[in-house]
Each structure stands twice: as structure tokens, then as C-alpha cells.
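Trainee: One letter stands for each residue in the lines below.
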Amino acid sequence: MSSTTQARVRRVALIGNPNTGKTTLFNALTGLSQRVGNYPGVTVEKKVGRMSEGVEVLDLPGTYSLAAHSPDEMVAVRVLLGEQDGEPRPDLVVVIVDASNLERNLYLVTQVMEVGRPVVVALNMTDMAAKAGMSVDPAGLSRSLGIPVVPLVAARGEGIEDLRAAIQSHLDAAPAQPAWTFPEPFAREVEGLERELGQERCMALRALVDAGGTVELDLVASRGEKARQALSEARERLRVSGKVPAAYEAQARYGWIAQAVAPHVSRRAVGASLTDRLDRVLTHRLAGSLVFLALMTAVFMLIFEWAGPVMDWIDGGFGTLGEAVSGAFADTRWAGGALESLLVDGIVAGVGGVLIFLPQIVFLFLFIALLEDCGYMARAAFLMDRVLRFCGLSGHSFIPLMSSFACAIPGVMSARTISNSRDRLVTILVAPLMSCSARIPVYALMAVAFVPDLRVGGVLSLQGLVFTGMYFLGIVTAIGAAFLFKHTILKGPTPPFVMELPPYQRPRLRNIGLRVWDAVRAFVIRAGTIILAISVVIWALSYYPRGEDLREQFQAEREALEARELSEDDRTAELEALDRRERGALARQSWFGRIGHALEPAFKPLGWDWRIGMAALASFPAREVIVATLGIIYDVGDDVDVDDEESRKPLIERMQASEWPDGKRVFNLPVALSIMVFFALCCQCGATVATIKRETNSWKWAGFTFFYMTALAYLASFVTYQVGRLWL
Amino acid sequence: MLLSECQPGQGGVVTRTAGDGPIGQRLLEMGLIEGARIQVIRVAPLGDPIEIKVGGYALSLRRSEAAGVEIQP
Ligand SMILES: Nc1nc2c(ncn2[C@@H]2O[C@H](COP(=O)(O)OP(=O)(O)OP(=O)(O)O)[C@@H](O)[C@H]2O)c(=O)[nH]1
Ligand SMILES: [Mg+2]
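From first to last, the protein sequence lines stand for chains H and W.
Using the working numbering, the first residue of the first sequence is number 25, and each one after it goes up by one.
Using the working numbering, the first residue of the second sequence is number 55, and each one after it goes up by one.
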């Protein structure tokens, strides 16, 4: 290797306003596939990729200004200013600019140009600009700004090669030189602070304007109170002049931008845009709210409608697979042994039962990806702001909560876009209450097995309504919990709500495909790792110890029965009853059975027998496990007579048939509802708890979420069962 | 008049933005500066927030925040 290739890796930062196509561009430059969506705040952390030999690209969260307010904006600004992870400022900064919204996007460009690095402008979304009747002359703009401007349509890959070339050739270019000046007395104060505090001009400016911002805090930390005093004196002198520092900055920049841009932009009138026409309906007073409610209900109902056929598969499909595996064991010396049981009852019945729900999960993600990519999410946040304000939050909390329908982990992470730390925390604490995709298997199984198959008003299926009801239960509980937190432990003023509403776009196949593919991969990996592991443990706990004397005792009884004088029919019936008793006895004296029986008093108030209780307990690391566990518990007893067709009854039928020792059915509607409510509200996801720990940087809040949700789930499930028992 | 008092369809030129605190600063940075032309497009179903057009794009904000912006119709 020559010494030149060993040279320091050059770092190129992609910065820009939210939703301008930074991640789309990053993916095009690096060949990676980070998530993209049509709303502000998709990217919330720094991502690194390789563009070419020795050149690294950083994708950053969007920010409107270097005055960062929320944690995600802070990441972008700190990387740019060289304050993150001990890394220096990037070697070159690419500012991605939305050509259809040029002036406001150039605001950030002017700030970045003061940081003392070479800057390249990527003029993205030129297709959108053309649709809005605007055309921008890149060469002219480049002359006015004094830096390269490369036109792009990142989503279609147009102009990427030009940008690549511009990046390569400007890695060692001179720093951008601002051509604007600030008015007096603002400029004088900035210069004064520059000298007094020994700071670069851009840092002095930020410290002056962003009262209480990170630059000021860092300065005070390193220079002491003297710095704080100098800053507040300077601000006070400006205030008497009639304007706040921020107004001086904004007016100077926008003023310069207006005269620099005007000659290079031509606008022609176009009719009402698609966005205007759509918004007339989608954000209309009445129609907007109705569309929103109808949309949500329709999706959950549809997911459920799909559940029916899929549940039939469970019955057929993995019963057949189990039989095939058993068939392969037949006549070998392992027949009827532990290995066969592990494969058939543990893995096929456990993991298989969960994997079956993949189609519904694909559908849910498809829907969420469509909403995200077309631009509806920001509208929904606009519609819901008032509702969230009731519980002390703002529309900014809507997107994290809505994303949690897919999975709480990205939901919790996207709370980074919320600037106030208290509001962010409340959002994080309630996000796991939204019903995530991992609840689908539980809801679907219970609804299909135990809710009567009726049609309400001849159309809506009652099962589907109960299924959908669980989603609304999660939403209502989340609103209530947020209200409570915001008025007790995390008391504070209602946060502001200022949000850009991006134009609607036709969803892009690639974005949707990637989102769904990621979900499928994650789901399958979970099934193949954590759920597989738990399934095997549960199988072992419910298979061992085998209790040889117990089996001998039953064998003796069986022989006695064979010897008795009985009609063929009676004998068969007696033998079957004996088999059932043996299965029950073996299951009861397994480890799982013993623990379960010991804990049964805790489960009883919820209407659960030891099997359900243990299945719920085993689901704390990952809630889908309950389906696996039920599959295993109701299978293990069946290891005798595996070739007998009768013993391979579908899980649903075996659940429906299971009895308390006194002969009463275990499962009925109140019990099924109590299980569903428990799973709707309980914090049964190790990964979510770990994410909350990481995002809040404290085990305290992760633990708090876990305990309050679990307690709430137990309580709600208790009430559901007790009330349900009286009424149903 | 104050931006918060405007009905859909009304608008004008900004004469003053208070600019206090992080939200005031954000509004300035988003282009609500003296001389900017703005128009109220619509009001959310529950009466708040409002959607305005400023500098060619759509911005949503609460009435309470819009109360910091004075306009000349
Ligand atoms: N019409 C058009 N759409 C684009 C273009 N580039 C990106 N998009 C779309 O714009 C939306 C936002 O793209 P992202 O790449 O997620 O934007 P971002 O800047 O990373 O957004 P944040 O991470 O939220 O700050 C997506 O729906 C993209 O498909 C373009 O050149 N033209
Ligand atoms: Mg992004």
C-alpha cells in the first residue's frame, strides 16, 4: 500500500433542512440503504458511509439553522462544528437545498459558509421546483454565493455523478467566504465578543444569538462566568436598540439572500397544486378528521381480515410440517424421544406459530411506509396537535407515537425531534403503549379463537372490531398516561408546535420496499434468534423431568385396561381418557407445570390457568413468544401417539378444549379479552426497554416504563376479566 | 393586527416578530421576518393550530405562537 492511500480519511458532511433528501442522497453516494420518508425528522442520528477510496460521507439529521433546539438537530450542528465524538470539523460540507423552497434553505447555507470549510450546494428537488413553476439557474446562483451549486434529482439519481465530481475536486478547496455583512450595532457586538472571548466569528455569533444554547454553555464551561456576563451584557445593549439578536441575524441573512437569489430564479404561475387540492379534503374540519379515523380503522380491520386465512394455515400448514418431521422419525430409534419432541413441539410449534403472522406485519408496514412517504404524517400531526395538547404534548409527539404502531423502537428514537426534554420523555414513556406489530399474533389468535364470528350490521366482523379495539385501547391509554405524567412527575408548560408541512409526493417503490424489507428481516431474525431460544428453553422446561415412575404407572394402568373385558368402542374411549390423564400429569409435574401451579394464585384473578400465566411470563423478553409458548404447552403432552391423526389437532382447537381440573373450560370470552388487554398494555419487549435506557440515558426511566406498564396491564386485565365475567 | 387573529384567506406583510425565546427565534429563522408576505391557509379541525404560507412553503403553528407576529393586511 502506498503512503497516499494510508492518508487520513476525508470526511464529507451532508447537512440541510429536514426533508430535503439528505438521506436519499447519502444512499445514492454510498450505496447504502438508510431509511427515507416524506416528513421532517426521519433521520435522528449520524450515519457514516464510504463514498470512494478514503472519502467518508456523514448523513445527519435535518436542521433549519445552526441554532439547534432538539437533540437530533444538536447532533447535526455538533458534527458540523467539530464538537461531536472528538472528531474535528468535516473536511467539506455539502448543504442539500430544496430548490422549490430556495430562500429558506439558503438561510442554513449562509450559516454553514461561515464555519470555515469548503462548501458545496446540492440543489435537490429540481423536479418539484419545476412542478411549482420555478426554475433556478445553478450557474448564476453559484456566482452569487461564490461556491459550487450542483442541480440534482436525488430520488431519481440525476446529477449524482456531477456532485461526486464536485465533492472530489473541492476536498482541498479554500473555505467558503461569506459575502454578506451584518448591520450595526449587531456586527460590532459580534466582533467585540470575538476579541473578548477569543472565539472564531461564527462561534461568537452563535453564542450571542442562541441564549442558553450549546455554544454558550460550552463557552461558560470553559471560560467561566465572565463569558456569561459578557454575553448577557451584549444582548442587553442590543435589546435597547429595539431588536432581539435573532432578529438582526435573520433579517441580515434573508435580506442578502433575497437580492442574491432574485436574478437567478424565474417563477411562472401554475394552478392550484395537487397538495392544495388534497389538503382541502385531508385537513378539512370535518372530512379531515373522518378520513383520519376511517383510515386507521380500515387498516386494522384489513389486517384482521387477512388474519383469518392465515390462521387456517397455522391449523393446516405447520400441523403438516410437524407430521412430516414425525414421519421422518418414525421407525428410527429416536421415535417418540426428546429430539423429536424438541423439533416438533418446540421449534415447529413455537417459532412456526409466530412466523405465520408475517403477511400481516408486511401489510402493516406497507401502510405505514405509504403514509410516511406520501407526506400524510405531517398532516396527521397537524390534525392531532389539539388532541395532544389536551394531555400536555404537541403534534410533534404524534409521529413517534404513530411510528410505534410498527415498532416502539424507532418510535422511541424519533422522539429525538422533540426539543423539550420533559415532553420528549413523556412521549418515550407512553410510546410502548401503542400496539406494535408484535401484538398482531396475540390479538389475532385470541380474537379468532374466542370472539364469536358475528357480523355487526351485516358487514363489520365482530372479531375484527375487537382486534381494532385493542389498538384504540392502546391509544386511549397512552393519552391518559401522558396526561397523568405531564401533570404530575413531569409537570411543565405545553410545548410549542411549529412544523413544516411538506408537499404530497407519489410514494416511491424503493422507499416502501426498503421499509417493508427491513421489517420482514427484523421479524424473521427475531423469530430465528430470541424466539427460537426462548422456545427451546420453554420446551425443555415443559418436557423435563420426564418422571419415569409416572409413565410406568400409566403403562400399568393401560395394560390392566387391555386385559379387561370391554367392547372395542369402550376400550378406545377409556384408552383415550387415560392418555389425556397421562399428558396432563406429565405436564403438571414438568418444571414449567410446577412453577406455573405455584404461581397460579397470581394468575387466577385474571381468569388465567397456569398455562396462560406461564405463557405470559415467558413473553416478557418478546411478546410474540406467547403464541410460541401456547403452541408448545399444548403440544408437549401429545408426544404419545404422534402418528395418530387425532393428536395433531390445531392449536386453536386444543386451546378451546382445554379445561380446569373441575372440567370447566379454561378459555372463554372474558379470559381471551383479559389476555388481549394484558398484552396491549404490558411492557413485554426487552429491546424496547434497552432502547429507552439508551435514549434517556438512564435505567431509572427504562425501569419506570417497565413497571408502570406491567402494573397497569395487570390491573386492566383484572378489571376486564371480572367485569367480563358478570356481563358476558 | 396579530397573525393569531387572522381567518383563512387573510394575510399581509409582517411588521414585527417578537422573536423571544427559542420559538420566537425559530419563527424568525423560518422566514417570518419584517417585510415577509404571509397568508393563513386553513385552521385545523379543532380550531388550532393554523397553517400559513410563508416564502412559498406551508408552515403550521399554534395561535399562541402566531400571537407574537404582527402583520399589516
Ligand atoms: N421529488 C423529489 N423527491 C425527492 C428528491 N429527493 C428526495 N426526495 C423525497 O423527499 C423525501 C425526503 O427524503 P429524505 O432523503 O428522507 O430526506 P432527509 O433530508 O434525509 O430528511 P430528514 O432525515 O427527515 O431530515 C422522500 O420522500 C424522498 O423520496 C428529489 O430530488 N425529488
Ligand atoms: Mg434523513
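One or more of the hints may lead you astray.
[To be verified] The list that follows gives simulated cross-link-like pairs (lysine-lysine, DSSO-like), each with its CA atoms no further than 30 Å apart:
#1 Lys250/H x Lys267/H
#2 Lys155/H x Lys107/W
#3 Lys70/H x Lys688/H
#4 Lys107/W x Lys717/H
#5 Lys628/H x Lys70/H
#6 Lys71/H x Lys717/H
It is worth saying that the hints were derived from the structure and are not from the lab.
Trainee: Tell me the hint numbers this structure goes against, listed in increasing order.
Mentor: 3, 4 and 5
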